[in-house]
Amino acid sequence: MTQTIRPAPAPARKKPPAPPARGGARERLIRRAPLLPALVFAIVVTQIPFLVTIYLSTLSWNALRPGERDFVGLANYADVLTDDRLRAALVNTVVLTAGAVVLSVLLGLGLAVLLDRRFPGRGVVRTLLITPFLVMPMAAALLWKHAFYNPAYGLVNGVLGGSTDWVSSYPMASVVATLVWQWSPFMMLIILAGLQSQSQETVEAARVDGAGPWQVFTRLTLPHLRPYLELGALLGSIYLVQTFDAVFTITQGGPGTATTNLPYEIYLTTFRKFEYGEAAAAGVVVVIGTIIVATFALRVISGLFRMEDHR
Amino acid sequence: MSGRGASRWGTVAWAVGAWAAGLFFFFPVLWMVLTGFKREVDAASNPPTWTFTPVLDGYRQVFDRDITPYLLNSLTASLVSTALVLLLATPAAYALSLRPVGKWRDVLFFFISTKMLPAVAALLPIYLLVRELGMLDNIWTMVVLYTSMNLPLAVWMMRSFLLEVPPALIEAAAVDGAGLGTTIRKVLLPLVAPGLAATALICFIFSWNEFFFAVNLTATNAGTSPIFLVGFISSEGLFLARLCAAATLVSLPVVLAGWFAQKQLVRGLSMGAVK
Numbered sequence: 001m002t003q004t005i006r007p008a009p010a011p012a013r014k015k016p017p018a019p020p021a022r023g024g025a026r027e028r029l030i031r032r033a034p035l036l037p038a039l040v041f042a043i044v045v046t047q048i049p050f051l052v053t054i055y056l057s058t059l060s061w062n063a064l065r066p067g068e069r070d071f072v073g074l075a076n077y078a079d080v081l082t083d084d085r086l087r088a089a090l091v092n093t094v095v096l097t098a099g100a101v102v103l104s105v106l107l108g109l110g111l112a113v114l115l116d117r118r119f120p121g122r123g124v125v126r127t128l129l130i131t132p133f134l135v136m137p138m139a140a141a142l143l144w145k146h147a148f149y150n151p152a153y154g155l156v157n158g159v160l161g162g163s164t165d166w167v168s169s170y171p172m173a174s175v176v177a178t179l180v181w182q183w184s185p186f187m188m189l190i191i192l193a194g195l196q197s198q199s200q201e202t203v204e205a206a207r208v209d210g211a212g213p214w215q216v217f218t219r220l221t222l223p224h225l226r227p228y229l230e231l232g233a234l235l236g237s238i239y240l241v242q243t244f245d246a247v248f249t250i251t252q253g254g255p256g257t258a259t260t261n262l263p264y265e266i267y268l269t270t271f272r273k274f275e276y277g278e279a280a281a282a283g284v285v286v287v288i289g290t291i292i293v294a295t296f297a298l299r300v301i302s303g304l305f306r307m308e309d310h311r
Numbered sequence: 001m002s003g004r005g006a007s008r009w010g011t012v013a014w015a016v017g018a019w020a021a022g023l024f025f026f027f028p029v030l031w032m033v034l035t036g037f038k039r040e041v042d043a044a045s046n047p048p049t050w051t052f053t054p055v056l057d058g059y060r061q062v063f064d065r066d067i068t069p070y071l072l073n074s075l076t077a078s079l080v081s082t083a084l085v086l087l088l089a090t091p092a093a094y095a096l097s098l099r100p101v102g103k104w105r106d107v108l109f110f111f112i113s114t115k116m117l118p119a120v121a122a123l124l125p126i127y128l129l130v131r132e133l134g135m136l137d138n139i140w141t142m143v144v145l146y147t148s149m150n151l152p153l154a155v156w157m158m159r160s161f162l163l164e165v166p167p168a169l170i171e172a173a174a175v176d177g178a179g180l181g182t183t184i185r186k187v188l189l190p191l192v193a194p195g196l197a198a199t200a201l202i203c204f205i206f207s208w209n210e211f212f213f214a215v216n217l218t219a220t221n222a223g224t225s226p227i228f229l230v231g232f233i234s235s236e237g238l239f240l241a242r243l244c245a246a247a248t249l250v251s252l253p254v255v256l257a258g259w260f261a262q263k264q265l266v267r268g269l270s271m272g273a274v275k
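Protein chains in written order, with UniProt numbering: chain A, 1 to 311; chain B, 1 to 275.
Keep in mind that the hints are not guaranteed to be accurate.
Unchecked claim - Below, simulated EDC-like cross-link-like pairs (lysine to aspartate or glutamate); rule was C-alpha separation at most 20 Å, straight line:
1. B/K115 <-> A/E230
2. A/K273 <-> A/D79
3. A/K273 <-> A/D116
4. B/K186 <-> B/E171
5. B/K186 <-> B/D176
6. A/K273 <-> A/D84
7. B/K263 <-> A/E27
8. B/K103 <-> A/E27
9. A/K273 <-> A/D83
Note that these hints are calculated values from the structure, not bench results.
Only chain B is shown next, with the shape it has when bound in the complex:
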C-alpha cells in the first residue's frame, strides 16, 4: 500500500476478484439464457456442452404451449395492483409524515406488522372466502391480494420519500396562496415522482414473482407466469431447453426493470430505511 505501483497492482487484483465474484453469481443466469437457445439434445448432454448452434426451438415451444395468457395475467395482476397500492399508500404516507396524525408510529408499525404475519396463516380463510364468492381462479382476486401484500412496503417507502421534501417549500406554497390540492399537484408530486417510480417498481417485482397465493387460488384461467412454470416441476419428460427458455422469458421484465433502477431498488427493498 506504500508506493503508487503497489496500489495500482492492488487495484488490478481487487478488480479481478470483484469481477470473478460478479461472474460467479451471474453464471447461473447466463447458463439459463444459453440453455434456452440449445436443442434439447445439447441441453441434456453429459458432460454439459459449451459449444452449440443456437436455435429458437425452446422459445417456439413455449409459445406453442401457450404461455401468452399466463404472461397477460401476470401483467394485469401486477400493473393493476401496483396502481391501487400507489393510490392507497401515497395519501396514507402523507398522513404519516408531512402532516402526521396522532399515534403515527403505532400506525406505521401496524402496517409493517401485517408484512410479518406469514401468508400461510391467512391462506385457509382467504381460500374459503374466495371459494364462497365464486372468485377462485379469477385474476381480480389476485389483484386484491397483491395490493394488500405490497401496501405496507409502499407506505413505508413513500413516507421516507415524503420526509425528504423540505417543509419550507410547502410553507412557501401556502404563503403564496396555494391550496392543499395545488400544493400537492405543483409542489409535492414533482418532488416525489422518482420515489413513486421506485415504489411502483418494487410492487411490480413482488407481484410478478408471487407464487404462494397464485398456486393455491388460481388454475387455468387466472394462472400467472410462475404457474406456467409449475408444469416443469416433475422431472419425467423434462425438456431442459424449453424450461430455460420459459424461465428466461418470465424473468426478463423484472430483470430489465431492476437493472435500470438499481439505486432506487436498495431504498425500496429496505423500506426507505437505507438511502
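Isolated chain A (complex conformation):
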C-alpha cells in the first residue's frame, strides 16, 4: 500500500545502504523483495512435497489396489521400523556413506599433499586428478561395472588374473570403490585449497625450531586443515547418503539386499511394489534421520561462518 505514495525510485540515493536495516515497513520490504522469489520458489518446490509425503505416510495405499486408500495413522511407521529390508537398507546406507566418505577424504588428503609441492607438470596432474569427478556418475558406474568388474573381459581380472565376479563376490566394495574413485578428487580440491592457505612463515619457523616434516604435518598442517576436512566430509556425506546411480547400475541393490541403500529401497517400494503409504513413511523416517545428522552438520558450517567473521 505504501508503494502507491512513493513518487519515484530516485530517493534511494539519499542514504548509503551500508548500515543494517532499521527503517520503516517500506524499507524492509525493499530489502526483502530481492529475496522473495527464491524463497517462495524453494518453499513451494521443496517443503510442500514433504508435507504431502507426511500425509501420504498415514494412508494404506497400494497403487495396484485402486480405491483402497484408508487412513491408518502410524501403522506404516510401525511396518517400516520393524521391516528387515529397511533395517538392512539403513545399515547399508551407513556403511556405504561412511566408507566412501572416510576413504575419499583420506585419499584426497594424500593427493592434496602431493599436489601442494611444486613439480614439473603440476597443473596437468591436477587436471588428470579432477577428471573422475567430472565424468557423469551414470557413465562412471557403467564403465566400472562392465569394463572393470566384468568377470570375463574386465580389466581388473585382466591385470590381476583369475576370473572373479567382483560385483557378486564383493558387491559393497565394488560400489564403494567406484564412489571413492569419483569423490577423492573432490576432497583433494577442497583440502588443497586448505593447504595453500596455510602460512608458510609458521611452517618455516617450526622448521627452524627443529621440527621434522612429520611433526610439522601432524602438529601444524592437520590442525589447520581441520575445518577443510570437516567441510569435505560434510559435503561428501550430503551427496553420498543419496547415492542412487551407482547402486541402480552396478548391483541393483543385490545380491539379495547386500547393497540396497535407503534411496534405492524407497525407489523399489514406490515403483516396483507400488506401496505408496509405506514408501512415504520410509521417506519421513529418512528425513528425521537426516535432520539429526544435519543438526550436527550445520554446527560445522556455523564454525566456517565464524572463520568468515574473523577474516
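Start from chain A and add chain B according to the hints.
Below, chain B alone, put in the same frame as chain A:
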C-alpha cells in the same frame, strides 16, 4: 633435505609419485575413451588388448541409436534451469549479503537445509503431482526440479562472491549519484561476473549429470543423457565399445567445462566456503 642435490632428487621423486597418482586416477577415463574407438571384438577381448586399430563404429552406432534427442533434452534442462537459478539466486544472495535482511543467517540455513533433505523423500508426491498435471516425461518438469535442486548452492555461492565486493565502491557510486539500478549494472555485475560464471558452471554440471529424478519422471520424450545410458545396464548383449563411446560423449561437455574452470570449481563445490 640438506644439500641442493638431495632436494632436487626429492623433487624428482615427488614428481614421479604425483604423476603416478594422477595417471592412476585418470586411467579409467583413458580406458573409456580408448575402448570407445575399438571394434567390439577388441573391446571384449580377454586378456584386454592395448594395441588396436581405432575405428568410429562405436560412435556411429550411438548416433544410429539416436542419442541426439537425449543430448538436446539434457542441454535444454541444464541451460534453462541454470538461467533460472541465476535469476532467482543472484537477487537473493544480494539480500543476504550486501544489504542483509533481518535473520539472514536463518534464511541462509533454510536454503542449505533443503539440500540436505533426501530427494527420495519428496519423489512420491512430486511424481503424483506431476502425473496429475499430465507433465510426466516433459522436459519442463525437469527444468523446474533442477532449478530447485541447484538454488541453495547458487545462493550460497553468489553470496560468497558478493561479500567480496568492497562496500566502499558501492558507497562511492551512491555518492556519485548512481541509483540502485545503475550501481548494480555498472559496479556490481562486472565485479561478480566471474562468480556468476562459476555458479552457472556448477549448476550446469549437476543438472547435466542428474539421474534420480530423470529416471523416475521421464521416458522417451524427455529422457536426458543418463537415461540414454540406462539401456546399457543389462549385461545381456552388451556392446562395450558402443557403451564407452556413449559414456565418453555424454561426459565430454562437463569434463571440458571443468578443465577450463578448475579454480572456480573448488569454490563453487564448497558453496563458497573455500577460496
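Q | Violating hint indices (sorted, rising) | A | 3, 7
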